[in-house]
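J.: All chains should be built: construct the whole structure from the sequences, respecting the hints.
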Amino acid sequence: MLSIIHGLIQLARGVWQALRDPEIGGLIILVIGVLAIGTLFYNHVESWGIVNSLYFSVITLTTVGYGDFFPVTTLGKLFTIVYIFVGIGIILLFISKIAKTAWESHPIREWFHAHKNSGLSKKEDSTSEKPVKIPSEPQK
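Here the working numbering is used: the first residue of the sequence shown is -6, the next is one more, and so on.
Derived by calculation from the structure, the hints in this document are not laboratory data.
Just so it is clear, CB atoms sit at the ideal spot from N, CA and C, and this is done for glycine as well.
Worth double-checking, as some hints may not be accurate.
As the list claims (entries may be wrong) - Result set (DMTMM-like, lysine to aspartate or glutamate): computed pairs, CA atoms no more than 25 Å apart in a straight line:
{"hint": "1", "residue 1": "90", "residue 2": "14"}
{"hint": "2", "residue 1": "90", "residue 2": "16"}
{"hint": "3", "residue 1": "109", "residue 2": "97"}
{"hint": "4", "residue 1": "93", "residue 2": "16"}
{"hint": "5", "residue 1": "70", "residue 2": "39"}
{"hint": "6", "residue 1": "93", "residue 2": "14"}
Unchecked claim - So the derived label-pair ranges between C-beta atoms look like this:
{"hint": "7", "residue 1": "51", "residue 2": "4", "range": "16 to 24 Å"}
{"hint": "8", "residue 1": "-6", "residue 2": "70", "range": "48 to 56 Å"}
{"hint": "9", "residue 1": "-4", "residue 2": "79", "range": "38 to 46 Å"}
{"hint": "10", "residue 1": "92", "residue 2": "60", "range": "25 to 33 Å"}
{"hint": "11", "residue 1": "81", "residue 2": "38", "range": "14 to 22 Å"}
{"hint": "12", "residue 1": "-4", "residue 2": "51", "range": "28 to 36 Å"}
T.: Shown next, in the form of C-alpha cells:
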C-alpha cells in the first residue's frame, strides 16, 4: 500500500514538474483554445448548451465518443471531421509531452539508465549459452 502511495506522489511530482515547463504551458493554452473553439461552434451551429458542447468536444478529442451527442447539420459534420484530425493531434502532443517530462524527472529513470548497459539487465547464467539437448523418444 505504501508503495502505491509513494508511486502516486512521484507521479504527482512528475506532472507538477511537467506543468512548470513553458512548452507545456503553451500546449495547455492550445488545448483550451481547441476545446473553446469546438464548444462555441457546437453551441452556435448545433444549438447545444455550453455544457453539452464542451462535453462533446472533450469526448470527441479524447476518442471516447459515447454516441449520446452527434452533429446533425452538414456543417457540424464537416467541422467535426476536421476537428477530430486537428484536435486529436494536439491532445496527443500534449499528453506525450507531459509523459516525457514526468519520465525525465522520475528517479527510476536515473537508475534505469545507470544499469541499462552495466550487464545487470542481461542474463548472467553460464548455462544459458550451452546447447540444450532434447531427449529423443524411447525406442521400442
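J.: Evaluate each hint against the coordinates.
T.: A quick look at each hint next to the structure:
1. 90 to 14: holds (10 Å)
2. 90 to 16: Since the Cα atoms of residue 90 and residue 16 sit roughly 9 Å apart, the hinted pair holds (cutoff 25 Å).
3. 109 to 97: Answer holds: residue 109 to residue 97 is near 16 Å, not above 25 Å.
4. 93 to 16: This hinted pair holds, its Cα atoms lying about 12 Å apart.
5. 70 to 39: holds (10 Å)
6. 93 to 14: Distance ~11 Å between residue 93 and residue 14 Cα, so the pair holds.
7. 51 to 4: 16 to 24 Å: holds (22 Å)
8. -6 to 70: 48 to 56 Å: holds (49 Å)
9. -4 to 79: 38 to 46 Å: With Cβ atoms ~40 Å apart, the hint holds.
10. 92 to 60: 25 to 33 Å: holds (28 Å)
11. 81 to 38: 14 to 22 Å: holds (20 Å)
12. -4 to 51: 28 to 36 Å: Holds - the Cβ-Cβ distance for residue -4 and residue 51, about 32 Å, lies within 28 to 36 Å.
Against the hints set out earlier in the document, no violation occurs for any number.
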